[in-house]
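Protein chains: 4
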Amino acid sequence: MHFASDNTAPVPPQILEAMIEANHGHTMPYGNDVTTTDVRDAIRIAFEAPEAEVYLVATGTAANALALACLCPPWATVYCHRNAHVEEDECGAPEFFTGGAKLTLVGGDHAKVDPDALARAIGFTARAGVHNVQRGAVTITNATEAGAVYSPAEVAAICAVARAADLPVHMDGARFANALVSAGCSPAEMTWKAGIDVLSFGGTKNGLMGVEAVVLFDPARAWEFELRRKRGGHLFSKHRYLSAQMAAYLKDDLWLKLAERANHAAARLSAGLAALPGATLLHPTQANAVFAAWPREGHRRAQKAGAQYYLWPMDQSLEGPGDQPLSARLVCSWCTTEDEIDAFLRLVEGGPAPAPVHVPG
Amino acid sequence: MHFASDNTAPVPPQILEAMIEANHGHTMPYGNDVTTTDVRDAIRIAFEAPEAEVYLVATGTAANALALACLCPPWATVYCHRNAHVEEDECGAPEFFTGGAKLTLVGGDHAKVDPDALARAIGFTARAGVHNVQRGAVTITNATEAGAVYSPAEVAAICAVARAADLPVHMDGARFANALVSAGCSPAEMTWKAGIDVLSFGGTKNGLMGVEAVVLFDPARAWEFELRRKRGGHLFSKHRYLSAQMAAYLKDDLWLKLAERANHAAARLSAGLAALPGATLLHPTQANAVFAAWPREGHRRAQKAGAQYYLWPMDQSLEGPGDQPLSARLVCSWCTTEDEIDAFLRLVEGGPAPAPVHVPG
Amino acid sequence: MHFASDNTAPVPPQILEAMIEANHGHTMPYGNDVTTTDVRDAIRIAFEAPEAEVYLVATGTAANALALACLCPPWATVYCHRNAHVEEDECGAPEFFTGGAKLTLVGGDHAKVDPDALARAIGFTARAGVHNVQRGAVTITNATEAGAVYSPAEVAAICAVARAADLPVHMDGARFANALVSAGCSPAEMTWKAGIDVLSFGGTKNGLMGVEAVVLFDPARAWEFELRRKRGGHLFSKHRYLSAQMAAYLKDDLWLKLAERANHAAARLSAGLAALPGATLLHPTQANAVFAAWPREGHRRAQKAGAQYYLWPMDQSLEGPGDQPLSARLVCSWCTTEDEIDAFLRLVEGGPAPAPVHVPG
Amino acid sequence: MHFASDNTAPVPPQILEAMIEANHGHTMPYGNDVTTTDVRDAIRIAFEAPEAEVYLVATGTAANALALACLCPPWATVYCHRNAHVEEDECGAPEFFTGGAKLTLVGGDHAKVDPDALARAIGFTARAGVHNVQRGAVTITNATEAGAVYSPAEVAAICAVARAADLPVHMDGARFANALVSAGCSPAEMTWKAGIDVLSFGGTKNGLMGVEAVVLFDPARAWEFELRRKRGGHLFSKHRYLSAQMAAYLKDDLWLKLAERANHAAARLSAGLAALPGATLLHPTQANAVFAAWPREGHRRAQKAGAQYYLWPMDQSLEGPGDQPLSARLVCSWCTTEDEIDAFLRLVEGGPAPAPVHVPG
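Residue numbers (the numbering used here), protein chains in the order written: chain S, 2 to 362; chain L, 2 to 362; chain V, 2 to 362; chain P, 2 to 362.
Chain S extracted, bound-state conformation (with noise of 0.2 Å):
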């Protein structure tokens, strides 16, 4: 019963092999291999962006803070929800990479920016010219750290606000995969149709061992990129590994199932969840993460027959009466099974104990 990220499960075996097939003779380093030249053909076709640069590192926040520092200067400001991750998890990644940008923290439902709370704070900014630090760019999750998930006409409205201010918008699309098997909708929809300048396109959330890659719409700032990438220690010398991983990632649409047995196996949680006597969900649950509250002891019986997830915020106790409600983050990935599920759902509800649960890897 693992639910405390999607980053503690294994790779699926379609990654490990293509690694394994990766693993022969002589390739030259630092990306200049066949591999990652497809595999940068195959993230353009996949947005229908024949003009996108495309680069790959091994983390989300590598990934995050070179891109915001290619969109804003060391005087500006990034705009974010207050609880994206660019903030509340990245020990100020943006800030060293931009060299020194302020965050300009914004309000909205489930971890979304409110376009008009957007608005306004734009429009509080740079008010007294020199003396403030200026407007310089807009980041948005999706899905969301609370699990939501901004359709393209929410993205949209999103760009239409930065666009209005002459600001580029960045998405973090660590969950990139859960949110478009969850709006239905096609890559290009979610990001450069709807206004998005730069995404950082997530694999490791969604099964892959350390991937992500970094999809500039607009290939101007591309050399730009690669410097500070390498600068950062961000270029890996035996680059064939990640481009590996991420071509299997792409092949037969496997990022797209992975996803979605994720979003599914999140569904099945937060139904079940939702259906228990006093349990309350906090967010919708659109993608990969479930929030809800029930019953301390509901918390006390899953805890201590070894389930792993966080009360969020982390600082409830388990101590205190037990009909009283805490609140619980839950993140299913690609391996999370029915049956952890089922078995989680009868702990919370305190019935009896469950079997063991075998997970695949």
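Take the hints with a grain of salt, since some may be wrong.
Same chains, same label: a pair holds when it works inside one copy or across any pair of copies.
Heads up, simulated SDA-like pairs for lysine to any residue below, C-alpha to C-alpha not over 20 Å straight-line [claimed, not checked]:
hint	residue 1	residue 2
1	K305	T28
2	K194	I46
3	K305	M29
4	K305	M315
5	K258	R164
6	K305	L283
7	K194	G279
8	K258	R121
9	K258	C186
10	K258	G273
11	K305	P14
The hints are simulated quantities; they were obtained by calculation from the structure and are not laboratory data.
Chains L, V and P: place on chain S using the hints.
Frame of chain S, contents of chains L, V and P only:
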């Protein structure tokens, strides 16, 4: 005939097997898994350094730049050889991670820092107090960019100069294993017993997909290192795949065996070249790289037959008188074969065309 | 009728006389002159802080940013009021000088940091360890951007919250003299006795051409400060002209007398406005700035007659119903006269046109 | 006998008078005053550059570092002479303001960059593409740190090398006036007509309290400069006091007259020293600094009598054989007198003790 770099080679089967083995079940992310704990202990044991803190990153540039950032404040300088990787091949990563420190270039044969030149450079620094960049740290590379190896006594001589000025010393050990088996000493003798404070313990050039360990023999700056690593985007969520590689690398002295194979290959290649008419060695061959010059016609034959290596410096031309010597760099890896070498030597010498060569992987 | 800012005023004659006096003979540069030594001692005496280190710079932004850079590492955050000068009026200087630290915005009435809100903000920080920006430092402004003054007890309450989290506290004292004469306490009571670690001791807004002192009550980071100052281009070669100003400022309590005059003027202006029909004060007038609202027609009369002040917020319009109140900021300086104030009040009220006003200088 | 530096001198009476004159009434801050507008126009006229943007800062380090930050991205290098002020005397300010760019040191006699050496250095840069720091900008100093002066033709030769590599050129003109009157050309001929893009137009060393102008002949980066200046804490609120100084400096060619006086003094001192037995000049005396060597006993006599100047390099000792030559740097200012010089020469030569010297101020 692949001598362009040791980073064009595939990884040995033990590494892939370890990754396959690691790919079962769920593990906590970000290094909070058992394999990571075991690997850190194994490195402490290998270096006889129970107090050391050990961290994994995926690139040598990240390892070096993060290490130097912990040793040198923004207003100080890092003393390095003028041909050091940190100076010539990292696109300013040390400057970026330190927040704008300077690199002071020091001379010395075979890319080894000359202790007297280092002492003079240190003495020259900060003679006008607050007006100057201050003394920060010393970094040396072992094996060097010219394929030479510092003995423990030579390392100690550098460290003595540094210590006299109260400066910490970093070792870029991208090819540490090659240096170690060449010098025939223990890891501890080559590092902290000789005065090294922080080591970039390379794995990638010696057979891993992309794993380097940073070993802080003095753990005082460990937490700072962790923050800098995260902030630099170099903390991996699925950390187990780095740890599994490093564990396999250390197991049964695989790392030393791989380096021995590369060094042996380089020795054979070096001896063969030195014996050719008109050929000379530019640096002693002490690790896995050979620097040699031979007549242009030999280069033309080799390159026509598809041999991969760099003219060094790169701006020499294959056009011109056939008997004029051109210099080159040739790097052997763990999988360089005797057949490959012999075929190459025959080509350079002008003998019969070589048979096809099979490279394992 | 100049109420736009205290930085539009000329300097008092004593300051110019001191500069004329200083302009004789040769002196060693960069602060190695007798006047500088004397000034540093005078500040130590004024603050009863014999161990303190004191440095002069020319702008408040430099003073604040250099001070914060010594207190907060790049991967941490500075807690400040959301309307603080460091947040709103320094174009990201704290982010630049710290190397990319964050500013965490805290609420509180009258631009004073609320201690409970501060405690909550600190408690929220770094709850996920290495993934988050860490706790760095606290900064408060006295007098505040809203013209309010922290009492020593209020400063101590902030410092107690900071100390409980082991955080240093900086005070932006751009209007320190105004705060001090308002609170009626000693410099020591307002600063280190209440827990302040570093003070930006302002001179410019209170009558100097451009001199601020940074007072490090704990001298441990003095050398770092000196290096950061030089590296930031803020070490003056002809330092005597800064020191001469500061010496005259301190002599015979000129600094306190100037602040008293400005505060008295603001009190008169505040009382006069409050007594007008339809007028309200937005903040208590405790230092030299008045924040008030009154009917639009009063603003139209005042601005038509050339009165200089800012509508606050700035985006209000003079066009519209005459009886609707608009809010404004009015700042008095050491040379604001009673005649000026009275003339202004008559204008706002709708009385006869004022006679020309003479401003000393 | 004050030859330590030109920054130990007082300011000429015209400067103080201008500041007294400026000290009347209220003016808008941050350069939004009439004097500032006038000064900017005056500099445009003096340089025949109606399109240029002009900004004032208070220190030469700020002028240089801000200018270079606008010309060179963080991942590139600034080519400078190895004895340039930006390399040796600014504690890494260029590295700080650029966000971590490198300085590449180039040789040349008399602290002038040698064009061929520059071309080689540029050619050597970035030969391995993304792995290397890139080519950024060139900076030269006129007059140089060795008291030599580039002619317009020599400036043009440097700029031609830079232009061939598409690099902008900055001139550190801390002693621009001294260079100009020495070369006998117009400001335009020395700068943009020869290919200079940005000039640090010094005032401080030539008689101001602390004012330098940055002249951007290409105004494209003006707004960026303004933001960097503010963010660096270098935008003065009471800007009028900078502008008043600069206005007086430009009026009636005061700046040229001051430089002529300093240059004349240096010429007299240089000729006098060169005529002494055992004395030699180390560099041609083309501006206001003299570099000469003479027997140690002459130094002992001079320093015993209180003459102020630096042994150059500084680590030479007054102890030792009296006839051994020691080298020294002597800098003349606008207020150096013939009496001072002659008294000094008599001391060095071993004549009768000098009478007291009166320095104006």
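These are the hints, each one checked on the structure:
In this assembly of identical chains, the alpha carbons of K305 and T28 lie at most 20 Å apart only when taken from different copies (18 Å versus 50 Å within one copy). Taking the shortest alpha-carbon separations for K194 and I46, only the intra-copy value of 14 Å comes in at or below 20 Å, while the best inter-copy value is 50 Å. Proximity of K305 to M29 under the C-alpha cut-off of 20 Å is restricted to the inter-copy arrangement: shortest distance 18 Å between copies versus 51 Å within a copy. For a Cα distance limit of 20 Å, the shortest separation of K305 from M315 inside one copy, 17 Å, qualifies, whereas the shortest one across copies, 58 Å, does not.
In this assembly of identical chains, K258 and R164 lie within 20 Å of each other by CA distance neither inside one copy nor across copies; the values are 34 Å within and 52 Å between. For the identical chains of this complex, K305 and L283 are neighbours neither inside a copy (24 Å) nor across copies (55 Å), given an alpha-carbon limit of 20 Å. Neither within a single protomer nor between protomers do K194 and G279 lie at most 20 Å apart by alpha-carbon distance, with minima of 42 Å and 53 Å respectively. For the homomeric pair K258 and R121, neither the shortest alpha-carbon distance inside one copy (39 Å) nor that between copies (43 Å) is at most 20 Å.
For the homomeric pair K258 and C186, the shortest alpha-carbon distance inside one copy (14 Å) is at most 20 Å, but the shortest distance between copies (52 Å) is not. Proximity of K258 and G273 under a CA criterion of 20 Å is satisfied in neither setting, with 23 Å inside one chain copy and 55 Å between copies. Taking CA atoms no more than 20 Å apart as the test, K305 paired with P14 passes in neither setting, with 32 Å inside one copy and 41 Å between copies.
In summary, the structure is inconsistent with hints 5, 6, 7, 8, 10, 11 from the numbered list given earlier, while agreeing with the others.
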